[in-house]
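There are 2 protein chains.
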Amino acid sequence: MSKRALSVTREQSFPEWYQEAVRDGDMAEQSPVRGCMIIKPWGWGVWERVQAELDQRIKDTGHENCYFPLFIPMSFIAKEAEHVEGFAKEMAVVTHHRLKNEGGKLVLDPDAKLEEPLIVRPTSETIIGDAFQRWVKSYRDLPLLINQWANVVRWEMRTRLFLRTAEFLWQEGHTAHADREDAMAETRKMLEVYREFSETVLAMPVIAGEKPANERFPGADNTYSIEAMMQDGKALQAGTSHYLGTHFAEAQNIQFQNQDGKLTFCHTTSWGVSTRLIGGVIMSHGDDDGLRMPPKIAPRQIVIVPMLRDKPEDAELKAYCAELEAELKAQGIRVLVDLKPIKSAEKRWNWVRRGAPVIIEIGGRDAAGGNVTFMRRDKLRDGDKVISHTQARAEFVTGAKTLLEAIQSVLYAEAKARLDGNIVTTMTTFADLEAYYGASAGDDEGGEFKGWAGVMWAKPEGAALEAVAERLKALKLTIRNAPLEQPPVEGKTCLFTGEPAKEYVLIGRSY
Amino acid sequence: MSKRALSVTREQSFPEWYQEAVRDGDMAEQSPVRGCMIIKPWGWGVWERVQAELDQRIKDTGHENCYFPLFIPMSFIAKEAEHVEGFAKEMAVVTHHRLKNEGGKLVLDPDAKLEEPLIVRPTSETIIGDAFQRWVKSYRDLPLLINQWANVVRWEMRTRLFLRTAEFLWQEGHTAHADREDAMAETRKMLEVYREFSETVLAMPVIAGEKPANERFPGADNTYSIEAMMQDGKALQAGTSHYLGTHFAEAQNIQFQNQDGKLTFCHTTSWGVSTRLIGGVIMSHGDDDGLRMPPKIAPRQIVIVPMLRDKPEDAELKAYCAELEAELKAQGIRVLVDLKPIKSAEKRWNWVRRGAPVIIEIGGRDAAGGNVTFMRRDKLRDGDKVISHTQARAEFVTGAKTLLEAIQSVLYAEAKARLDGNIVTTMTTFADLEAYYGASAGDDEGGEFKGWAGVMWAKPEGAALEAVAERLKALKLTIRNAPLEQPPVEGKTCLFTGEPAKEYVLIGRSY
Numbered sequence: 001m002s003k004r005a006l007s008v009t010r011e012q013s014f015p016e017w018y019q020e021a022v023r024d025g026d027m028a029e030q031s032p033v034r035g036c037m038i039i040k041p042w043g044w045g046v047w048e049r050v051q052a053e054l055d056q057r058i059k060d061t062g063h064e065n066c067y068f069p070l071f072i073p074m075s076f077i078a079k080e081a082e083h084v085e086g087f088a089k090e091m092a093v094v095t096h097h098r099l100k101n102e103g104g105k106l107v108l109d110p111d112a113k114l115e116e117p118l119i120v121r122p123t124s125e126t127i128i129g130d131a132f133q134r135w136v137k138s139y140r141d142l143p144l145l146i147n148q149w150a151n152v153v154r155w156e157m158r159t160r161l162f163l164r165t166a167e168f169l170w171q172e173g174h175t176a177h178a179d180r181e182d183a184m185a186e187t188r189k190m191l192e193v194y195r196e197f198s199e200t201v202l203a204m205p206v207i208a209g210e211k212p213a214n215e216r217f218p219g220a221d222n223t224y225s226i227e228a229m230m231q232d233g234k235a236l237q238a239g240t241s242h243y244l245g246t247h248f249a250e251a252q253n254i255q256f257q258n259q260d261g262k263l264t265f266c267h268t269t270s271w272g273v274s275t276r277l278i279g280g281v282i283m284s285h286g287d288d289d290g291l292r293m294p295p296k297i298a299p300r301q302i303v304i305v306p307m308l309r310d311k312p313e314d315a316e317l318k319a320y321c322a323e324l325e326a327e328l329k330a331q332g333i334r335v336l337v338d339l340k341p342i343k344s345a346e347k348r349w350n351w352v353r354r355g356a357p358v359i360i361e362i363g364g365r366d367a368a369g370g371n372v373t374f375m376r377r378d379k380l381r382d383g384d385k386v387i388s389h390t391q392a393r394a395e396f397v398t399g400a401k402t403l404l405e406a407i408q409s410v411l412y413a414e415a416k417a418r419l420d421g422n423i424v425t426t427m428t429t430f431a432d433l434e435a436y437y438g439a440s441a442g443d444d445e446g447g448e449f450k451g452w453a454g455v456m457w458a459k460p461e462g463a464a465l466e467a468v469a470e471r472l473k474a475l476k477l478t479i480r481n482a483p484l485e486q487p488p489v490e491g492k493t494c495l496f497t498g499e500p501a502k503e504y505v506l507i508g509r510s511y
Numbered sequence: 001m002s003k004r005a006l007s008v009t010r011e012q013s014f015p016e017w018y019q020e021a022v023r024d025g026d027m028a029e030q031s032p033v034r035g036c037m038i039i040k041p042w043g044w045g046v047w048e049r050v051q052a053e054l055d056q057r058i059k060d061t062g063h064e065n066c067y068f069p070l071f072i073p074m075s076f077i078a079k080e081a082e083h084v085e086g087f088a089k090e091m092a093v094v095t096h097h098r099l100k101n102e103g104g105k106l107v108l109d110p111d112a113k114l115e116e117p118l119i120v121r122p123t124s125e126t127i128i129g130d131a132f133q134r135w136v137k138s139y140r141d142l143p144l145l146i147n148q149w150a151n152v153v154r155w156e157m158r159t160r161l162f163l164r165t166a167e168f169l170w171q172e173g174h175t176a177h178a179d180r181e182d183a184m185a186e187t188r189k190m191l192e193v194y195r196e197f198s199e200t201v202l203a204m205p206v207i208a209g210e211k212p213a214n215e216r217f218p219g220a221d222n223t224y225s226i227e228a229m230m231q232d233g234k235a236l237q238a239g240t241s242h243y244l245g246t247h248f249a250e251a252q253n254i255q256f257q258n259q260d261g262k263l264t265f266c267h268t269t270s271w272g273v274s275t276r277l278i279g280g281v282i283m284s285h286g287d288d289d290g291l292r293m294p295p296k297i298a299p300r301q302i303v304i305v306p307m308l309r310d311k312p313e314d315a316e317l318k319a320y321c322a323e324l325e326a327e328l329k330a331q332g333i334r335v336l337v338d339l340k341p342i343k344s345a346e347k348r349w350n351w352v353r354r355g356a357p358v359i360i361e362i363g364g365r366d367a368a369g370g371n372v373t374f375m376r377r378d379k380l381r382d383g384d385k386v387i388s389h390t391q392a393r394a395e396f397v398t399g400a401k402t403l404l405e406a407i408q409s410v411l412y413a414e415a416k417a418r419l420d421g422n423i424v425t426t427m428t429t430f431a432d433l434e435a436y437y438g439a440s441a442g443d444d445e446g447g448e449f450k451g452w453a454g455v456m457w458a459k460p461e462g463a464a465l466e467a468v469a470e471r472l473k474a475l476k477l478t479i480r481n482a483p484l485e486q487p488p489v490e491g492k493t494c495l496f497t498g499e500p501a502k503e504y505v506l507i508g509r510s511y
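Just so you know, the protein sequences line up as chains A and B, in that order. If you count by the working numbering, then the first sequence holds residues 1 to 511, one letter each, in order. If you count by the working numbering, then the second sequence holds residues 1 to 511, one letter each, in order.
Please keep in mind that the hints were generated in silico from the structure rather than gathered at the bench. There's no promise every hint is true.
Which copy? The list can't say, so a pair holds if one copy fits it or any two copies do.
The calculated EDC-like cross-link candidates involving lysine to aspartate or glutamate, where the alpha carbons are at most 20 Å apart (straight line), are [unchecked claim]:
1. LYS502 to ASP310
2. LYS59 to GLU192
3. LYS189 to GLU53
4. LYS113 to GLU156
5. LYS318 to GLU102
6. LYS100 to GLU115
7. LYS385 to GLU490
8. LYS59 to GLU48
9. LYS492 to GLU503
10. LYS329 to GLU466
11. LYS105 to GLU325
12. LYS89 to GLU485
13. LYS401 to ASP314
14. LYS79 to GLU466
Start from the sequences and build out the full structure, keeping to the hints where you can.
As structure tokens, this is what we get:
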């Protein structure tokens with residue numbers, strides 16, 4: 001039995017802890033529709049903050065938002081499928097446009113069968129590419145820098161809230177450029193936007209790098225990712241950015257007249273992050289008392305709980321809380337006075353589990369003395385004991401923004417220490433890898449903490465790469481990426497083959 | 001041939017003018033998917049402003065945003081269909097979850113047929129009601145005030161950009177209450193939010209009222225709407241708010257324990273506005289030169305066009321424009337310097353057609369003299385001549401916010417005069433109605449301008465109401481609503497039957 005606010009600790013079972021943290025943190029729940037989630041107000045509030053912060057960055061880098069149809073004609077997908085090996089086929093297919101009432105029962109109307117089935121978008125390269133083909137005529141139209149916020153559907157057999165769901169929400173950037181150089185610069189620029197966003201806003205440190213060829217987006221020349229380390233040591237791919245070469249442009253005839261009047265194929269890119277990021281935030285920062293929200297994305301940064309006692313003095317208490325609320329709002333802080341008709345202690349623990357960065361409890365003594373008593377969610381306890389601080393109200397209000405910044409920094413620093421401290425760079429042979437990961441290889445769900453291995457390899461291609469991937473798969477491992485910041489490689493040998501090394505890559509288990 | 005920026009005038013053909021205004025205003029275009037639109041950056045920017053303004057009002061009235069699944073199990077729809085007569089059956093049905101490659105061709109995989117078909121949400125009463133049934137337990141949980149921003153799909157045979165599309169975007173509010181009084185207050189409160197929003201933000205005056213029984217949302221006890229008058233005299237239903245009684249609660253078992261411990265059905269409401277509002281804005285304010293965007297929703301309120309001449313002096317001109325841009329930004333104005341590599345005159349007319357509220361053209365003389373030369377989109381011309389104004393830069397910057405407010409007011413005042421001046425309240429017999437509307441009854445698309453009729457009626461029910469609806473239908477008319485603000489009814493007689501009147505209603509043609 002846990003002495004904490006959740007019934008399962010991370011150590012007992014990380015997957016069960018995750019489920020409980022999501023549920024008791026009021027973030028989301030399973031819906032009656034297989035694999036689709038209901039995002040509850042607190043969870044949606046986080047997504048709204050994510051959207052606002054990231055959208056600003058997407059606009060600041062010159063992109064414009066659009067909206068493209070939910071449905072994609074099957075022929076578009078077929079065109080792509082011909083073109084692209086490894087194309088995923090699990091998707092929701094619309095085949096009819098009407099139901100009919102047959103003897104009091106609602107059934108599919110056979111007269112309303114679509115001539116061509118429609119696919120619920122799993123991603124929008126094909127439908128957006130079709131528009132680009134119409135919109136791009138001359139070099140003057142380039143670069144074309146488009147983004148959309150949308151829901152997408154990928155049929156998934158095993159789902160987990162936020163991490164893998166049939167329907168999820170994301171942004172997808174799609175851009176067209178005159179040449180490789182410009183498109184590659186875009187691909188890398190957006191990867192950097194994701195890195196900075198993840199670290200600054202989500203307090204989630206990541207390693208930016210390039211995926212190996214076998215982990216590329218189908219049709220991409222290069223796929224880059226940011227990878228974050230969760231508290232169970234697993235990697236979460238938190239965002240990807242793809243340089244698509246001219247593959248999609250050729251399949252969809254996206255051509256422009258260059259400055260010499262010659263028709264030329266565009267170079268395109270795409271990049272996206274999704275509601276999966278929220279799963280990353282939960283698994284990065286949560287503790288055995290529930291969620292810990294970085295202040296920059298917390299829907300409410302400070303929650304005030306008046307210790308009401310159903311007595312006449314309550315009015316005074318409420319007035320005091322309202323004044324405090326107004327003062328904090330004036331500082332630009334997202335604040336809430338929780339006046340729900342439930343017990344104060346229950347409120348405290350609700351907000352602890354939801355991860356409100358600062359929880360204030362105002363009792364009669366605080367109000368009389370002009371004080372504020374509060375808890376920091378990032379440093380809730382000393383051993384088993386909950387720590388509360390008391391400060392003069394004016395002092396608290398003046399320091400509130402700094403306090404929130406400090407909490408943001410603490411969450412980042414903790415996650416950063418975990419990431420930096422758990423990349424093992426001493427392995428040089430496959431036997432080292434087996435020795436490190438082997439013991440818990442059979443355990444898919446949690447188990448002993450294992451970090452990542454930072455190893456040298458010869459960057460094989462084709463069949464040789466597949467062989468490496470197979471060997472890793474037996475240990476439930478994948479190559480996460482080759483970090484952009486490479487250590488010196490000369491003189492090192494490949495962990496898999498002993499050949500001279502060409503690259504430093506990160507290996508780990510992943511979500 | 002038009003002497004204006006569009007090739008078709010409103011008078012020549014309002015429907016063709018609309019199509020051209022949408023297209024040349026860069027708002028949206030048809031997609032290769034039947035009935036689905038692509039919303040382009042300028043159009044999407046308008047929707048972002050609509051969302052931001054309305055979302056704030058929805059939150060200020062105590063609602064929280066959530067997100068519910070895109071798909072609804074067919075059994076949920078069936079439950080509703082049993083319950084609700086007049087239930088629409090045109091919707092997108094997902095029957096399969098996989099495609100397979102058969103001899104190089106992509107086909108439906110018969111092994112991946114869903115056990116139960118899924119409906120792409122046409123509206124979310126059933127899926128949200130199912131969550132409410134789980135979330136509501138006690139009177140302490142009420143009222144439950146939820147909103148979501150989402151895409152929905154209704155299969156439509158005849159579509160028109162923004163006005164009627166198979167997929168559209170909207171917000172849908174869903175709330176549960178302890179009793180009729182509270183639910184009805186909510187229904188009316190949100191109608192008022194829509195009215196205020198439409199008039200203040202969209203500069204689109206509306207009449208708020210109750211729909212007649214035959215025009216109610218299926219399953220609603222009362223449906224209220226706001227109705228706006230377009231420039232062709234037709235009514236656009238711009239938003240609806242429904243009091244659903246306990247119908248949905250009974251069908252979905254949404255019950256709560258009241259203060260006496262007794263299980264009781266909730267009273268529920270729903271209310272929504274959609275991307276259709278954008279069509280309303282276009283048809284309210286556009287002129288023969290294209291769109292005229294109310295400053296409050298214009299993605300760019302002021303656009304600066306430097307009159308570049310590919311000469312060394314261009315650098316100076318650009319610097320001057322950048323300074324002006326910074327000064328206007330500092331005033332909180334959404335401003336853009338258009339540096340696209342196209343001719344200045346082309347830029348001017350692009351922004352005229354898009355409806356940017358203020359278009360500034362900066363030439364060498366302006367820069368040298370410290371001046372600003374600008375056009376107001378609301379008062380673009382004097383006869384055929386375009387009017388431009390010149391002001392000292394400091395003076396222009398200081399007055400810019402006031403100028404934008406003035407433009408917002410002009411657009412509202414023009415639309416308000418049209419609405420107020422075109423409701424004919426002198427008709428007392430059906431023959432009057434026939435005489436007024438009859439001449440153009442056969443013309444579905446545009447034709448002679450006809451306003452609305454404000455008439456007295458006896459508010460018939462059942463078969464008598466159907467008979468009235470049939471007589472109106474022959475003239476292509478419907479009852480729009482019974483305005484909340486009613487003139488005196490005593491002593492008046494029903495236009496349809498001559499009986500004593502019970503209510504004042506508005507009649508018109510509609511979108």
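Going down the list of hints, with the structure as the test:
For a Cα distance limit of 20 Å, the shortest separation of LYS502 from ASP310 qualifies neither inside one copy, at 71 Å, nor across copies, at 49 Å. For the identical chains of this complex, LYS59 and GLU192 are intra-copy neighbours only, at 15 Å inside a copy versus 34 Å across copies, given an alpha-carbon limit of 20 Å. In this homomeric assembly, LYS189 and GLU53 come within 20 Å of each other (Cα to Cα) only inside a single copy, at 17 Å, whereas the closest approach across copies is 32 Å. Taking CA atoms no more than 20 Å apart as the test, LYS113 paired with GLU156 passes between copies only; the shortest distance there is 14 Å, against 25 Å inside one copy.
In this homomeric assembly, LYS318 and GLU102 never come within 20 Å of each other (Cα to Cα): the closest approach is 59 Å inside a single copy and 69 Å across copies. Taking the closest pair of Cα atoms, LYS100 and GLU115 come within 20 Å of each other both inside a single copy (18 Å) and across two copies (18 Å). Taking the closest pair of Cα atoms, LYS385 and GLU490 never come within 20 Å of each other, the shortest separation being 52 Å inside a single copy and 73 Å across copies. Taking the closest pair of Cα atoms, LYS59 and GLU48 come within 20 Å of each other both inside a single copy (16 Å) and across two copies (13 Å).
For the homomeric pair LYS492 and GLU503, the shortest alpha-carbon distance inside one copy (9 Å) is at most 20 Å, but the shortest distance between copies (89 Å) is not. Proximity of LYS329 to GLU466 under the C-alpha cut-off of 20 Å is found in neither arrangement, the shortest distances being 56 Å within a copy and 55 Å between copies. In the homo-oligomer, the alpha carbons of LYS105 and GLU325 never lie at most 20 Å apart, since the shortest distance is 55 Å inside one protomer and 63 Å across protomers. Taking CA atoms no more than 20 Å apart as the test, LYS89 paired with GLU485 passes in neither setting, with 35 Å inside one copy and 57 Å between copies.
In the homo-oligomer, the alpha carbons of LYS401 and ASP314 never lie at most 20 Å apart, since the shortest distance is 28 Å inside one protomer and 45 Å across protomers. Neither within a single protomer nor between protomers do LYS79 and GLU466 lie at most 20 Å apart by alpha-carbon distance, with minima of 27 Å and 51 Å respectively.
Going through the hint list in order, the structure does not satisfy hints 1, 5, 7, 10, 11, 12, 13, 14.
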